[in-house]
Every structure is written in C-alpha cells, then in structure tokens.
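J.: If you want the building blocks of each chain, they are given just below.
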Amino acid sequence: MNTLELDILLPAFFAGLLVLTTHIPFGMRVLQRGVIFADLAVAQIAGLGVVIAGLLDLADQPLLVQLIAVTSALCGAALLTWIERRAPEVKEACIGLTFVLAASLGILLMSRDVHAGEHLKDLLVGQILWVNDTQLIATALLTAILLTVWNGFRRHLGNFGFYALFAVAITASVQLVGIYLVFASLIVPALVTYRRAKRRYLFAFVTGIAGYASGLLLSVWFDLPAGAAIVWAMVLSGGMVRFVKTRT
Amino acid sequence: MIFNSKISPQRHRDTEKSKNQKIFALNGIHRFGSGFSLCLCVSVVKRFCLVFPLLLLANPAHAALNVFACEPEWAALAQQLAGGQATIYTATTALQDPHHIEARPSLIARARRADLVVCTGAELEIAWLPVVLRESGNTRVQPGGDGYFEAASAVHMLEVPTRLDRGEGDVHAQGNPHIQTDPRNFLPVADALATRLIQLNPAHATEYRQRLADFTQQWRAAIAKWETQAAPLKGAAVVVQHKGFPYLSEWLGLKEVATLEPKPGMEPGAAHLSQVLNTLQQHPARMVLRAAYQDARPSEWIAQRAHITAVELPYTVGGSDAAKDLYGLFDDTIARLLKGLQ
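Protein sequences, first through last, are from chains A and B.
Using our numbering, you'd call the opening residue of the first sequence number 7 and step up by one each time.
Using our numbering, you'd call the opening residue of the second sequence number 116 and step up by one each time.
Please note: incorrect hints may appear among the correct ones.
Claimed, not checked - Pair ranges (Cβ atoms, derived): (1) B:Lys-454 to A:Asp-13: 33 to 43 Å; (2) B:Gln-333 to A:Thr-140: 19 to 29 Å; (3) B:Gln-419 to A:Leu-69: 16 to 26 Å; (4) B:Thr-343 to A:Leu-69: 39 to 49 Å; (5) B:Pro-258 to A:Leu-16: 45 to 55 Å; (6) B:Gly-199 to A:Phe-228: 36 to 46 Å; (7) B:Glu-274 to A:Asp-63: 30 to 40 Å; (8) A:Leu-111 to B:Ala-411: 22 to 32 Å; (9) A:Thr-154 to B:Lys-439: 47 to 57 Å; (10) B:His-215 to A:Gly-167: 36 to 46 Å.
Stated by the list, open to error - Some residues of chain B that are not near chain A, with every Cβ distance over 10 Å (derived): (11) Glu-238; (12) Pro-276; (13) Ala-328; (14) Gln-333; (15) Ala-346; (16) Lys-358; (17) His-387; (18) Leu-388; (19) Ser-389; (20) Leu-392; (21) Arg-412; (22) Pro-413; (23) Gln-419.
Worth flagging that the hints you see were computed from the coordinates, not collected in a lab.
Just so it is clear, CB atoms sit at the ideal spot from N, CA and C, and this is done for glycine as well.
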C-alpha cells in the first residue's frame with residue numbers, strides 16, 4: 007500500500023474508531039432496551055431541525071446549523087423518553103412512526119425550499135471518505151466529553167440522560183460517516199456479543215475495528231464505495247467473532 | 116358598483132395604486148377625520164375599478180405563449196427572445212440537480228397548459244420529463260411536435276460515447292447534456308428557439324426577429340468581453356467534481372486533469388481517490404470545480420488534500436446571487452474562475 011492510499015484511509019479509519027468508541031456502549035444499551043430504530047428517528051429529527059433552519063435563512067452559519075441540529079435531536083430524545091415512559095409495550099411502533107413522521111415532514115418542508123433539502127441530504131448521508139481534519143478534531147472532543155459523562159455519571163443519568171447523550175452522539179456521527187455506518191456500528195458489535203458475559207467490550211471492539219479496517223481495504227483493492235463495503239465487512243467480521251466465541 | 120368597491124381593495128392589495136390609496140387614506144384620517152377619508156377612499160377605488168377591466172383587456176395576456184422551461188437558463192433565454200409575448204414557468208432551480216427531480220402535480224398542471232416546452236434534451240431530463248409530458252395529456256408538447264424544443268439538438272455535442280454502457284453511471288447516448296456552460300452554444304439555440312416561437316405565434320414574427328437580432332448582437336459582444344477577461348485561464352489545469360464542465364473547458368481552454376466522482380452522486384472508492392491524488396502529484400491543478408447544486412464535501416476534501424482552491428460555479432441562472440440573468444451567469448462564472456487562479 008502506498009502513502010497516498012494511507013493518506014486517504016487513515017482519516018476515514020480514525021473517524022470509524024471515534025464512532026465506535028461511543029456507539030458500542032450505546033448500542034449495547036439500545037439493544038437491551040429494544041429501541042433499535044431510535045438512532046434513525048433521532049437522526050431524522052436532527053435533519054428536520056436543519057431543514058427548518060434553512061427555511062428561516064440561517065443555513066449559511068455552520069455553527070448555528072449544528073446547534074439547531076443538536077437542539078432538535080435533544081427534543082427527539084425528550085420525545086423518546088416520553089414514549090418509553092408512557093407506552094413501553096408499543097415503543098418500537100411509536101419510534102418507527104416518529105421516524106416516518108419526521109422524514110415526511112422534511113420532504114413536505116423541502117418542497118418549498120430546495121436549499122434546505124440539500125442541507126438535509128448533507129446531514130444524513132455523510133460519506134466516510136470525505137472526512138476532513140476539522141470534523142475529526144471536533145468529533146474527537148465531543149466523543150471525549152460524551153465518554154466522560156457516560157463513564158462518570160451513568161448511574162445517575164436516568165432515561166432522558168441516556169437519550170440526550172445518544173442524540174448528541176448520533177447527530178455528530180451521522181454527519182461523519184452516514185446513517186448506514188451509524189446503524190451498523192451501533193447494532194453489529196452489540197448483537198454478535200449479545201450472549202457473552204466475559205470480555206464483551208473487547209469482542210465488540212474487535213468486531214467494529216476489524217469491520218472498518220477490512221472494509222476500507224476492500225474499498226481500495228476492489229475500488230468499492232467505502233461506506234457500503236464497511237457495513238458488509240463488519241457483519242462478516244462479526245460472524246467470525248461469533249464463531250471464535252462458540253469454540254472457546 | 117358597491118360590490119366592486121368592496122372586493123377590489125383586497126384583490127389589488129399589492130398594486131402600486133392601492134398602496135398610494137392607503138397612504139392617502141391614512142393622511143386623510145389625520146387631517147380631516149375618518150368620514151372624509153372613507154369617502155375619498157371609496158371614490159378612488161371606484162375609479163380604479165372602472166379603469167382596471169380596461170387594463171386587463173389591453174393586456175395581451177390571452178395572446179402570450181405559455182412556455183414550460185425545464186432549466187433556468189432556457190427560461191432566461193425564452194424571456195430574452197419572447198419578452199412580454201410569453202408567460203414562462205421554470206421546472207427546476209439552479210440548486211436542483213436537473214437529472215433527478217420529483218414529479219409534482221404542479222409540474223404536470225403546468226405542462227398541461229404549455230404551448231411550448233423548452234428543455235436541454237440529450238436525455239438530461241429523462242428521469243422525469245417523459246412522465247410529466249405523458250401525464251399532462253397535452254398533445255402539442257409531446258416529443259417530435261411543434262411545441263417541444265430541445266436545445267441540445269441545435270448545438271455540437273461533446274463526449275458522445277462510442278460505446279453505450281449504463282454501468283458507467285449517468286452517461287448520455289447523445290453526448291454530455293450540460294451545454295449551458297459555453298455561452299457560444301446560446302447563439303444557435305437562440306436562433307432555433309426564435310424560429311420555433313415564430314412558428315407557434317406568427318402574429319408577432321417581427322418582434323421575435325427583432326429581439327433575436329438584438330440578443331445575438333449583445334451576446335456576441337459579451338462573449339468577446341468574457342474571452343478577453345478569461346485569457347489568463349487558458350491552459351489552467353482543473354479537477355472537476357463531476358463530468359459537468361466539458362463545454363466550459365473547451366470554451367476557455369481549461370485542462371481537466373481528473374474527475375472526482377466518476378459516477379455522479381455515488382461515493383467513489385478509495386482506489387479511485389488515490390489515483391486522483393496520484394495524478395495531481397504529477398500534474399498539479401489550480402482548482403477544483405463544482406456546480407452550485409452539488410454537495411461541497413468532495414471538492415473541499417480534495418482542496419484540503421491537494422492544496423488547491425475549491426470553486427463553486429453558479430452553473431445556471433440563479434446559481435449564485437450575481438447570476439441573476441444570462442449575462443450575470445457568465446460574468447460571475449469568469450469572476451469566480453479568475454479568483455480561483457490566484
């Protein structure tokens with residue numbers, strides 16, 4: 007592998023690692039609670055906030071757009087908390103409905119403002135190869151803060167606290183690597199280590215890291231779109247990790 | 116009459132005349148009290164209502180052609196050539212990808228009323244225009260008819276593939292359809308469009324001919340001016356985000372050394388990107404070009420890595436604040452390219 011390829015792959019790989027550090031613990035919690043599609047709903051609500059910002063002519067200030075996206079995601083978190091408290095037996099249906107409602111409202115609003123639509127697209131379909139240094143540094147800082155809060159105050163967070171952290175993490179990661187990779191990073195490592203009591207985190211991280219590394223390499227060797235290649239590579243490495251588990 | 120004077124202030128709320136009325140009426144309240152001002156107001160409105168229907172009759176709206184333009188550049192050209200003889204609707208904006216738009220009921224409704232459809236053709240609108248035209252049920256504007264005009268058929272096409280393979284992404288059998296990036300293409304298109312307008316509306320033939328002559332003369336002068344301004348751009352190496360600029364490059368003598376997204380809209384593989392970076396090490400480029408409707412991230416990425424300038428071009432009328440009409444479009448395009456050189 008030449009230096010040019012490393013130059014392209016390393017930032018993408020770091021982006022993947024950053025996403026994994028928050029998404030593996032969050033993914034385990036999401037799986038345990040049975041709110042797997044909460045990430046889609048939260049990302050879509052964050053995107054909806056950006057569309058509204060576009061309608062209010064605020065779209066050309068990137069910091070403000072991020073602030074609005076995070077605020078909307080937090081509103082989404084509050085909604086999820088409320089759903090979990092009021093209708094726990096049908097929460098998956100309510101979360102799915104929230105996703106569809108937010109997505110359709112986005113389309114309705116976009117039909118009036120084309121430029122806002124562009125921003126929504128930018129926000130939801132981050133592509134891992136286009137990661138730049140500013141994004142990496144900002145996400146690294148955010149990840150450090152989220153992990154500190156998560157590790158320090160997990161016991162005192164409560165439902166809303168968890169969803170709030172989750173919403174902020176998703177808003178950042180969706181823009182960094184796109185919705186498919188966010189979903190895969192949340193669910194695949196948590197799912198393949200679901201029955202494992204010992205060293206669950208270790209195996210989960212091995213799955214995630216192997217997925218990003220081999221997916222990016224596949225993307226170089228066969229000139230494949232990186233995001234889609236990583237999703238498949240992660241599922242395949244997840245399968246192998248499961249296999250290792252059954253033998254030991 | 117009473118009925119008229121009741122409804123008309125609402126109906127013509129936005130006209131200059133009724134604005135004046137309101138100001139007048141307000142002044143009246145201060146000076147003479149409300150009774151007098153009301154009388155005054157009603158009398159002005161009455162007079163206005165008598166005059167307005169006459170204005171409507173005098174307005175040649177019934178004679179104007181309904182033009183449905185697929186892209187803003189053809190709407191602008193039709194406006195130049197038809198002036199007040201056409202009511203023009205534009206189906207897409209500069210911030211939309213003309214390859215992919217969603218068919219809305221309003222598009223079909225507009226196509227139903229159209230006397231003339233003006234589009235780029237060459238398969239640019241193939242994803243939505245055939246559906247819109249079919250659903251419109253308007254026989255005048257079907258492909259092949261007098262009311263259907265394809266700009267691409269009037270110009271010499273570039274990048275006509277020798278071999279057709281859909282696997283290559285948005286490849287067009289008739290060549291690259293983004294003809295509006297070379298101002299010289301507007302001359303034969305204007306010629307053909309004026310001929311079509313005369314055919315559809317022969318009563319105004321003299322006016323169309325006059326407008327065509329004016330446009331051609333001014334446009335030639337503008338092209339000469341742009342070419343002088345753009346002289347430093349000749350031979351400049353550029354990267355393009357997608358294959359949208361062959362006509363611009365041919366006109367100004369830009370040298371396209373690499374394409375960032377080989378298949379428009381699809382994330383390229385890492386191998387392709389490393390190839391692009393490799394090419395740029397051997398043949399350094401000055402800037403990377405993208406159209407206003409495209410995602411900024413790919414060109415920002417290459418700009419950061421290869422230390423070149425990312426330039427967003429308006430691409431069509433409305434693509435930037437300065438590109439308000441056809442002249443502004445190329446004024447701004449040249450200005451942005453020259454700025455990218457620095």
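J.: Are the hints correct? Go through all of them and say.
T.: How the hints compare with the structure:
no.: 1; hint: B:Lys-454 to A:Asp-13: 33 to 43 Å; result: violated (28 Å)
no.: 2; hint: B:Gln-333 to A:Thr-140: 19 to 29 Å; result: violated (45 Å)
no.: 3; hint: B:Gln-419 to A:Leu-69: 16 to 26 Å; result: holds (19 Å)
no.: 4; hint: B:Thr-343 to A:Leu-69: 39 to 49 Å; result: holds (41 Å)
no.: 5; hint: B:Pro-258 to A:Leu-16: 45 to 55 Å; result: holds (51 Å)
no.: 6; hint: B:Gly-199 to A:Phe-228: 36 to 46 Å; result: violated (59 Å)
no.: 7; hint: B:Glu-274 to A:Asp-63: 30 to 40 Å; result: holds (38 Å)
no.: 8; hint: A:Leu-111 to B:Ala-411: 22 to 32 Å; result: holds (25 Å)
no.: 9; hint: A:Thr-154 to B:Lys-439: 47 to 57 Å; result: holds (51 Å)
no.: 10; hint: B:His-215 to A:Gly-167: 36 to 46 Å; result: holds (41 Å)
no.: 11; hint: Glu-238; result: holds (22 Å)
no.: 12; hint: Pro-276; result: holds (21 Å)
no.: 13; hint: Ala-328; result: holds (36 Å)
no.: 14; hint: Gln-333; result: holds (30 Å)
no.: 15; hint: Ala-346; result: holds (33 Å)
no.: 16; hint: Lys-358; result: holds (18 Å)
no.: 17; hint: His-387; result: violated (6 Å)
no.: 18; hint: Leu-388; result: violated (5 Å)
no.: 19; hint: Ser-389; result: violated (5 Å)
no.: 20; hint: Leu-392; result: violated (5 Å)
no.: 21; hint: Arg-412; result: violated (4 Å)
no.: 22; hint: Pro-413; result: violated (6 Å)
no.: 23; hint: Gln-419; result: violated (6 Å)
Comparing the model with each numbered hint stated earlier shows that hints 1, 2, 6, 17, 18, 19, 20, 21, 22, 23 do not hold.
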